[in-house]
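Put together the whole structure using the sequences plus the hints.
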Amino acid sequence: MLKQWMRIGLVTVMTGLSVSAGIAEAAGVLTIGRREDSTTFDPIKTAQNIDNWVFSNIFDVLVRVDPTGTKLVPGLAESWTVSEDGLTYTLKMRDAKFSDGAPVTAGDAAFSLLRVRDNPGSLWSDSYKVIDTATASDDKTLVVKLKTPSAPFLSTLALPNVSVLPQKVLESVGEEAFAEAPVGSGAFALKEWRRGDRVILEKNPNYWDADHVSLDGVEWISVPDDNTRMLNVQAGQLDAAIFVPFSRVAELQKDANLTVHLDPSTREDHLLINHEHGALAKKEVRQALDMAIDKQAVVDTVTFGLGTVANSYIPKGALYYYADNLKRPYDPEKAKQMLADAGASDLTLNYVVRAGDEVVEQTAVLLQQQLAKAGVTVNIQKVDPSQEWDMLVAGDYDVGVNYWTNDILDPDQKTTFVIGHDANNNYMTRYKNDAVKDLVAKARLEMDPAKREAMYVDLQRMAKEDVNWIDLYYSPYINVSRKGIENFTQNPLGRFLLEDTKKN
Amino acid sequence: MSVLARPAFTPGWSKAFGTNGALAAGSAILALFVLAALFAPLIAPYDPIAQDAAARLAAPSLLHPFGTDNFGRDILSRVIWGTRIDLQMAFFGVVFPFLIGTVVGTVAGFFGGVVDALLMRLIDIILAFPFLVLMLSIIAILGPGLSSFYIAMALVGWVSYARLVRAQILVLKTQDYAVAATSLGFGRLRIMFRHLLPNAIAGSVVFVMSDAVLVLLNGAAISYLGLGVQPPVAEWGVMVAEGQPFVTTAWWVTLFPGLSIVALAFGFSLLGDGLGQRLGVAE
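Taken in order, these protein sequences are the chains called D and G. Each number in the numbering used here corresponds to the 1-based position in the first sequence with 150 added. Each number in the numbering used here corresponds to the 1-based position in the second sequence with 2 added.
Rather than coming from a laboratory, the hints here were simulated on the basis of the structure. Keep in mind it's a predicted model, so treat the numbers as computed, not measured. It is possible that part of the hints are untrue.
Unchecked claim - Just some of the chain G residues that point at chain D, by a computed CB distance under 7 angstroms: (1) P234; (2) F248; (3) T251.
What the hints assert, rightly or not - Some chain G residues judged to face chain D by a derived CB distance under 7 angstroms, without partners named: (4) Q53; (5) G228; (6) Q232; (7) P233; (8) P247.
C-beta: ideal position from N, C-alpha, C; glycine also.
In structure tokens, the structure reads:
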């Protein structure tokens, strides 16, 4: 009898011990809720934030962007030199290892750079066409030769999509297997990917700065419904959640157990205009539309006051942002007059809206009402997100809201996409101005920062004068975490600095 | 107990509804919504699409009995105006399938043989697809909007009516009066639509009411998905969808349009039950 009780007691104690051990182990794992699951871990085959934001903690890049998003700091390359003529970059590699223990060599770096340039599946090859050769003169020295000088080149090395990948592993397992089970040299390594559910990361013991990393692991869990995701954090089932809707911020800020993070971002929301459609080809008509839109009302109603009115396509706080750029005053009467003068007083616009996106839908309803005051009839057409993209690409729209977050520090990338006349019809707008086109190309080659800044100021002025699109507002990245989570931050380019995050 | 007092009321009220509470209640609810739809401009206190930045997400008060949404639009006014759209959806979403289904069912049942076999296989094919998926793909092809919704409903919804009517016709065409009509040399059309159909239709009429509930919910779902009514028009399904982000902070934005959908659906279903009793149609 006594023995029996002792046995039960022993079992109880053992169970208690193992349970507490389980909790202690889980304490170092940060769970983050987000809207969607990742699509791939092959960095060159995606341009989506949901992918980049996760693998930027698995892979490492040659050059990193600092937490403020304003300057470049050493990554896998601990130092670099640029030749007089601006054509040869020599990068000195740091002593680092991949998560499988193999050393990161200059050969891996050269391989990764050429792969993003040459691989037929690469979405980023255009940005790296400027590379002539990339070679490893020894295991620690990478030499990159360019075809022409390029001011933004160094900052393009910080793009998560040109992360340094292990050549041997990639070639032995093949691209498709690697995209499912990658090996990198970042602070964390992929432990398991449950498609459609979660990505489980564990601390990479071979990371060059592993002593610095406090978390034992990270779980990115997809919780598509905004309300559910917020409730999960409030109930403590998640440590943190990203993509907090504007409408929920005030409520979450009142919760003493939570911290709401409004991290400066490079996000800019704008109204695309199809310059090829009828009266929209006239500059005066586009300027009138700009004046007919009350951006402050959009900021107040849609972003609940969390955004700020945008006055340039370059986001506030980013390199070469021109703070004094023109802000056309809200004046529906004058807009109406300008439209009449331009012979477009009965303007009717087809406004394409991405169904299911709360912010985009609300903006549409608001702009429809505002434009009506200037005599413009707006027909809202709600469509499926993939269909919306196809319609924008095909030019089957008059206006529509979209947004952009910068991928690199340098303004060249966005400028080229938006007003530089490259392959995408100036971000679907069909905007054409050869003077702007030439200046974008010139600014890319200008190595003197002061002269280059002056060029970008001119570009921002010219784009505003032509109304390439209508700048609406800048907004922060909004994330929420439980009290006790420290340093859960996102830099303006979107990278989560999880190597610094602590869970108490 | 005054037994004599009762017959005095018989003629009007009781003749129509008898002791049929469901029929009375259902008709009353429906009548209420029809009146609201007809007199929307008179009843609604505000313009349903007028935005008021000063009164965004205001809780229900005397000024705004149902509160306001995130654009400061009055929800009571939007619910009242929404009645027009939702009743219209329920009506057109049912009437076309009813007409098509009845004709097809009558023809199939009456002629039998190859005609019947072909039509029934067509129905099987349509039924093999999940209803909502088929409807969504039709709307995706035609483009969003209410007319696409009606066309999709007409293309997909008639099968249930056709089956119901066909089953009735199959039974009825062997009845003595039908055989007599044939032997008297009446035309086929006359026999089908004058003699058989009126006796076969009761089941369909009752089904119309329960189908209206489904159509209403489908229409709300389509609009919720952004494929039906386009903003800024007030429609209950859209209003629920638009209020979803605020469900924890401003419950009134979703509650009132949601309740309206429930109330109207309840009205239709009561009416269906009542009609079923009245017309002697078994469940």
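Hints versus structure:
Using the Cβ-Cβ criterion of 7 angstroms, the hint placing P234 of chain G at the interface with chain D is satisfied: the shortest such distance is roughly 5 angstroms. Given hint, F248 of chain G at the interface with chain D, holds; its Cβ is 6 angstroms from that chain's nearest Cβ, closer than 7 angstroms. Nearest Cβ of chain D to the Cβ of T251 of chain G: about 5 angstroms, under the 7 angstroms cut. The hint holds. With its C-beta approaching chain D no nearer than about 5 angstroms, Q53 of chain G sits inside the 7 angstroms limit, and its interface hint holds.
Here the hint on G228 of chain G is kept, as its CB sits about 3 angstroms from the closest CB of chain D, short of 7 angstroms. Annotation: Q232 of chain G was flagged as interfacial toward chain D, and the flag holds, the nearest CB pair being 5 angstroms apart, inside 7 angstroms. Interface hint at P233 of chain G: satisfied, since its Cβ lies 5 angstroms from the closest Cβ of chain D, which is below the 7 angstroms cut-off. Interface hint at P247 of chain G: satisfied, since its Cβ lies 5 angstroms from the closest Cβ of chain D, which is below the 7 angstroms cut-off.
Hint violations for this structure: none, all hints satisfied.
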